[in-house]
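A.B. asks: Those sequence lines, one after another, are chains R and X.
For the first sequence, the numbering used here begins at 1 and goes up steadily by one.
For the second sequence, the numbering used here begins at 405 and goes up steadily by one.
One should not assume that every hint holds.
To be verified - Examples of chain X residues lying across from chain R (beta carbon under 10 Å, computed):
1) 455
2) 489
3) 674
4) 719
5) 734
6) 740
7) 744
8) 751
9) 755
Keep in mind that the hints were calculated from the coordinates and are not lab data.
Treat the numbers as computed from the prediction; the structure is a model and nothing was measured.
Beta carbons: idealized from backbone N, C-alpha and C, even for Gly.
2 protein chains.
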Amino acid sequence: MTYSVEPAQGGVTAPDGFRSASLHSGIKAKAGALDLAVLAADTVGTAAGLFTTNLAKAAPVLVSQRHLAQSGGRARAVVVNSGCANACTGDDGMANALRMATETAQSLGCAPEEVLVASTGVIGVGLKMDRVVPGIRGAAAALARDKGAEMARAIMTTDPFPKDHAVVVRTPRGDFRVGGTAKGSGMIEPNMATMLGFLTTDAAVPTALLQRALQESARRTFNAITVDGECSTNDCVFALASGANGMSVDEELYPALQAAFYEVSKALAIGIVRGGEGATKLITISVQHARTHADAMQVAKTIANSPLVKTAVHGADPNWGRIVAAAGRSGVNFDVDHATVHVGGVLLFEHGLPHDHAAPDAATHLKGTEVCIDVDLGAGEEMATVWTCDLSAEYVRINGEYRT
Amino acid sequence: MTYSVEPAQGGVTAPDGFRSASLHSGIKAKAGALDLAVLAADTVGTAAGLFTTNLAKAAPVLVSQRHLAQSGGRARAVVVNSGCANACTGDDGMANALRMATETAQSLGCAPEEVLVASTGVIGVGLKMDRVVPGIRGAAAALARDKGAEMARAIMTTDPFPKDHAVVVRTPRGDFRVGGTAKGSGMIEPNMATMLGFLTTDAAVPTALLQRALQESARRTFNAITVDGECSTNDCVFALASGANGMSVDEELYPALQAAFYEVSKALAIGIVRGGEGATKLITISVQHARTHADAMQVAKTIANSPLVKTAVHGADPNWGRIVAAAGRSGVNFDVDHATVHVGGVLLFEHGLPHDHAAPDAATHLKGTEVCIDVDLGAGEEMATVWTCDLSAEYVRINGEYRT
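Next up, chain R with everything else stripped away, as it sits in the complex:
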């Protein structure tokens, strides 16, 4: 089947059948700062989730995993707060995360296990439930279709700008929409470190297909970005399908759904990298001709997480040596003499030797805000792309002063 995926207006509430509301409940100290959001489908639909692989999982992660299992992959709503991660908070933290779901469910008239919970912010501090509970009730009473952009702001912590995106999928069987919002900053790495993401679609999607589309798109987007190699206690990405527009996604329509999930997830993921703490440049690292996709990903991630590569890019230094050294220590086996390195399309390394005469051209490219590093391993047929940002003195300042 032929289909097209086109940008659309709006974000997480662009698909039919979704409303949201965001407000300042008082979790964040700053007056008026949005810190709580409810995203709700008009009726219960299907849901899927991906969760942090960190052993220290926050209470909302544990509650949401349990709810998805109990409901059999169905959900009505997501409740999310910023300013407090509700992580390392023990039994009280579990009770509070559960209470967030229960209060949301009561306000909406659904079962508690049909509510997913997410939190982001400082670790080890308890939620102020005397603020959160009235906040949830207020948000549930104020749900509206046109408040998607507010939710993108309500989930921010140190993010410099909100991130949302939506697309319309056109198929011979009809159109449907996919929307989403995400928050990131710092600690972004394998398996969605300190990242929250929320995808929505107005198609009806069986839970298994929804989970598959989420996993497949996340693998090449949310899990292919890194700011500093960290991975947090609270990461999760949820997908909700409202079925409000009447289209049903089956195996025939699945590729179109996955393409749309990929487009939205990629836009959100790149937004997270652009908003990485102290970031001044978006770096796209493509590794070609690896023996396996995992090899390509490992080399790309090692380069992306190399402080020496990140500082060189920050300083616009076409330092191919650091790129070769990072690839060489990645644990992936390849022949350095068969590898090439391009920066901004300029060949800098080939046959084990530099092309330093080309360095000024590469330096000019590096002075821009969009940097491309291409490494060809000359070892196979697989490839991977990873997005990261440069490492600046500002990153050190932000993270040295976060709590103090």
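Following the hints, put chain X in place on chain R, whose structure we already have.
C.D. replies: Below, chain X without anything else, positioned relative to chain R:
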């Protein structure tokens, strides 16, 4: 056998039977900057080496590996230059590294395979052999016992201070000495990234025991430090035994030799971390009660390489949450509820919950220049210690401007 290991005067030429000379050959642009050194035993002795695991091995690494194999673990001298890594230099680079050995051998009257070669500095640039060759001849003609401290300076690149150390080992069978020097900075990580180390002893040591002592001590010293997780093209550590004092190390004396290698290597390794690029604090990370030593090392290294932990320490923020999150994503399995975190001996995390009332005491500790982080996994009987430094804005400045 009882023995003692006591600090001694001097460095790499403290043991009998070693001389060195260092000079400015012209590899470094700065007038008078030492950039070439020869370290020679009075006669051919035994030798051992450890080399970078990076796939992109520099020419001097390949030549030294070959020479150790060809000589059967015997060597007369080491020739080393700073300012140029002779890495990614192709066939010319191999010829130049070999020529360094050949010239040294001719000057000293030994076989070329009895000379080991090391280089450190910028990657991808050829050695100026019209400067190096006269430099080698000049150094070989100026060898002296009292020039060990100069060699410690001649091998420096961005190191802020020279590093050398020596000990005397007292045993019922007599005394012997172990000395050494090393260079580090930036890119220090697993398996000796961008690190050169040279150990000497005046005992006679069979090659197999010398290699074993070098490996065992490096595992807990040079391979237990990290500045930024990088691993270079040029790392190597050599050990040379002159046998000049008449003592022969056998299995009975081996523990004393290894203890001495450990003391010297530890002093040099900690010196490398203290001199890490932009470092303002030495961080000692001990992981206790892991199931295996490898588990303990992996958790300790993950914490040590976490940019969020390193920036928090830099800002004197007792952020136990980042330490727990790093341990939790390390890939090692343990129960977070059984783990504890101490900073400066102050308990900050236990039973899955913070002890935030103790945070001010930990913050006071973190304001010093020696920081201790202790993580107990509560999972077994093994432990490991790793040394690292904080991450400062100065690190970014140094590495963003290195070549430009």
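A.B. asks: A separate judgement is required for each hint: does it hold in the structure or not?
C.D. replies: Hints and how they fare:
For the restraint placing residue 455(X) at the interface with chain R, the shortest Cβ-Cβ distance is roughly 13 Å, beyond the 10 Å limit, so the hint is violated. Checking residue 489(X) against chain R: minimum C-beta separation of about 8 Å stays under 10 Å; hint holds. Hint status for residue 674(X): violated, given a least beta-carbon distance of 21 Å to chain R, over 10 Å. This hint holds: residue 719(X) has a C-beta 3 Å from the nearest C-beta of chain R, less than the 10 Å allowed.
Hint status for residue 734(X) relative to chain R: holds, with the closest Cβ pair at about 8 Å, below 10 Å. Below 10 Å, beta-carbon pairs count as interface contacts, and residue 740(X) has one with chain R at about 5 Å; its hint therefore holds. Evaluation of the residue 744(X) hint against chain R yields a violated restraint, the C-beta minimum of about 12 Å exceeding 10 Å. With its C-beta approaching chain R no nearer than about 13 Å, residue 751(X) sits outside the 10 Å limit, and its interface hint is violated.
Annotation: residue 755(X) was flagged as interfacial toward chain R, and the flag holds, the nearest CB pair being 7 Å apart, inside 10 Å.
Going down the numbered hints, you'll see the structure goes against 1, 3, 7 and 8, while the others check out.
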